[in-house]
Amino acid sequence: MEFSTFVFYAFATLLLAGGIGVILSRNPVHAALFLVLAFFSGSGLWMLLEAEFLAISLVLVYVGAVMVLFLFVVMMLDINLDQLREGFWKYFPLGGLVALLMVGELVLSVMTPRFNHLGSNLVPAPEGYSNTRELGMQLYTTYVYPFELASVVLLVAIVAAIALTLRRRKGTKYQNPAEQVRVRREDRVRMVDMKTEGQGEAS
Amino acid sequence: MAELQAFFGAAWPLVWALFRIVLIVLPLLGAVAYLTLAERKVIGAMQVRKGPNRVGPMGFLQPIADALKLMTKEIVVPSDANSFLFVLAPVLIIMPAMAAWAVVPFSPELVLANIDAGLLYIMAITSMGVYGVVVAGWASNSKYAFLGAMRSAAQIVAYEIAMGFALVGVLVMSHSLNLIQIVQQQTGTLGFLQWNFVPLFPLFVVYFISGLAETNRAPFDVAEGESEIVAGFHVEYSGMTFAVFFLAEYANMILISTLTSIMFLGGWLAPFSFLPSGMIWLLLKTSCVLFLFLWSRATFPRYRYDQIMRLGWKVLIPISLTWLLVVALLMQAPIRQLPIINIWFH
Chain A
418 MEFSTFVFYA FATLLLAGGI GVILSRNPVH AALFLVLAFF SGSGLWMLLE
468 AEFLAISLVL VYVGAVMVLF LFVVMMLDIN LDQLREGFWK YFPLGGLVAL
518 LMVGELVLSV MTPRFNHLGS NLVPAPEGYS NTRELGMQLY TTYVYPFELA
568 SVVLLVAIVA AIALTLRRRK GTKYQNPAEQ VRVRREDRVR MVDMKTEGQG
618 EAS
Chain B
19 MAELQAFFGA AWPLVWALFR IVLIVLPLLG AVAYLTLAER KVIGAMQVRK
69 GPNRVGPMGF LQPIADALKL MTKEIVVPSD ANSFLFVLAP VLIIMPAMAA
119 WAVVPFSPEL VLANIDAGLL YIMAITSMGV YGVVVAGWAS NSKYAFLGAM
169 RSAAQIVAYE IAMGFALVGV LVMSHSLNLI QIVQQQTGTL GFLQWNFVPL
219 FPLFVVYFIS GLAETNRAPF DVAEGESEIV AGFHVEYSGM TFAVFFLAEY
269 ANMILISTLT SIMFLGGWLA PFSFLPSGMI WLLLKTSCVL FLFLWSRATF
319 PRYRYDQIMR LGWKVLIPIS LTWLLVVALL MQAPIRQLPI INIWFH
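Taken in order, these protein sequences are the chains called A and B.
Following this note's numbering, the numbering of the first sequence begins with 418 at its first residue and continues without gaps.
Following this note's numbering, the numbering of the second sequence begins with 19 at its first residue and continues without gaps.
Hints are computed from structural coordinates only; laboratory data are not their basis.
Be aware that a few hints might be false.
Derived BS3-like pairs: lysine-lysine, alpha-carbon spacing no greater than 25 Å straight-line [what the hints assert, rightly or not]:
#	chain 1	residue 1	chain 2	residue 2
1	B	K68	B	K87
2	B	K68	B	K161
3	B	K87	B	K59
4	B	K68	A	K590
5	B	K332	A	K587
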């Protein structure tokens, strides 16, 4: 067996194990950590395909940022497992149907002749080929408008999310750093001329 | 060399790679040990104390005594703690701190892996360090540890954005993600004036401050916050498991300092063009940045939590975004041929 085949199977096994762990673990924190494992193995597979930019950005974005926030939220949830499992059999038929449909779609798309041809006519990249540079060129020249549109959609999503959760509460206490920095001595200290009290007694 | 190669046969590439990894990690661990001593000495001097001076001549054996003490102590796993994750957390935190060194170049030839996406690799690997902190805080089954983990997660996510944008500025300057090319782009007849910290000064400052925050160093050490939450995320750890957290923090400090030197201070380049370049300059620059780390710990009081968030989101990110725009504009053809600007943008 070639070394890269071995690495492929190692990562693929880890990826599947991680995926199964996500749905089987009872503790949501464990599930999130399994998902991190799955992402990481997926990134390893991409690295094997010499798609280093995609592989590293998968780790950077999903493992380094998205999953941290996920974990952050999941850790603070107080989840009652019994309540979650209550309606399992009621929802099972619908869930099973959706799962079957998805499996069917996947099988259909993998079976198409186009999909199978993809692998056979790939030429290996020449020496010194930087796929980061190529991706950048494609994104910012050929596909610049779709790319910018996608980012605008994301921006709208951010604004919407903030607008939905932003509540102005009355009477909250907060500090204004600009004001704090601008403070002068005269605003806080008042010098008073007065006679010394109780002269001669205290000593 | 040839005999060795023959002796190991097909396993030679593996053995050779392992050997070079050891060659990086061992000096790193030595540097970590003596950085702890340096920290205590420097802060001692700043507070007009002597610092450790009992173990060995001038206290030089102090780190070894500390290591021995920590190794012989018992590792306590708290009751009801998730013992697997509890033990896994220190591993999760030390792994990125070591793995990031794979692409750090010490001189044009001296690098473990000279890869094109080096900068991206470093950003990806260092962003994983937060899992160690978060998992440690959660698995400890302690409220203090959990609070520390929460603080750390929010803080690291906030500062990573500013840090990332500062690095985008660097890669705009050098047209490359390769760390060796990033250093070589800073070469010039004007010596240190052509290093990235001059044209990218705001980004340099943002990077250093974010580096302090990312490594949980004072004044951003709310994840530990001794006076509020005892020791934060590692409050339940003892003995060697605690030592691993300590090691990772210092290894990360050295990493950030080295990266600052490589990306903003010209790496192994000499400050004046008539001096020969070499690894010694990188080590010197790294030591200077490390001194800044220690200096800020001795000088600044700890930030309040909301002030940290404000600084990250409302100050550092807008500054780095603005300067990124300025750099991008200066890179454009008509302006970059003007007399002074063409020193840096060519």
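Taking the hints in turn, this is what the structure says about them:
Between K68(B) and K87(B) the CA atoms are separated by roughly 22 Å; this keeps the pair inside 25 Å, and the hint holds. Annotation: proposed proximity of K68(B) to K161(B) is violated, straight-line Cα distance about 37 Å (limit 25 Å). For the proposed pair K87(B) and K59(B), the alpha carbon gap of about 20 Å is at most 25 Å, so the pair holds. Taken as a hint, the K68(B) and K590(A) pair is broken in the structure, with Cα atoms around 44 Å apart against an allowance of 25 Å.
Between K332(B) and K587(A), the direct Cα distance comes to roughly 23 Å. Compliance with the 25 Å bound is thereby established for this hinted pair.
Hints 2 and 4 from the earlier list are contradicted by this structure; the remaining hints agree with it.
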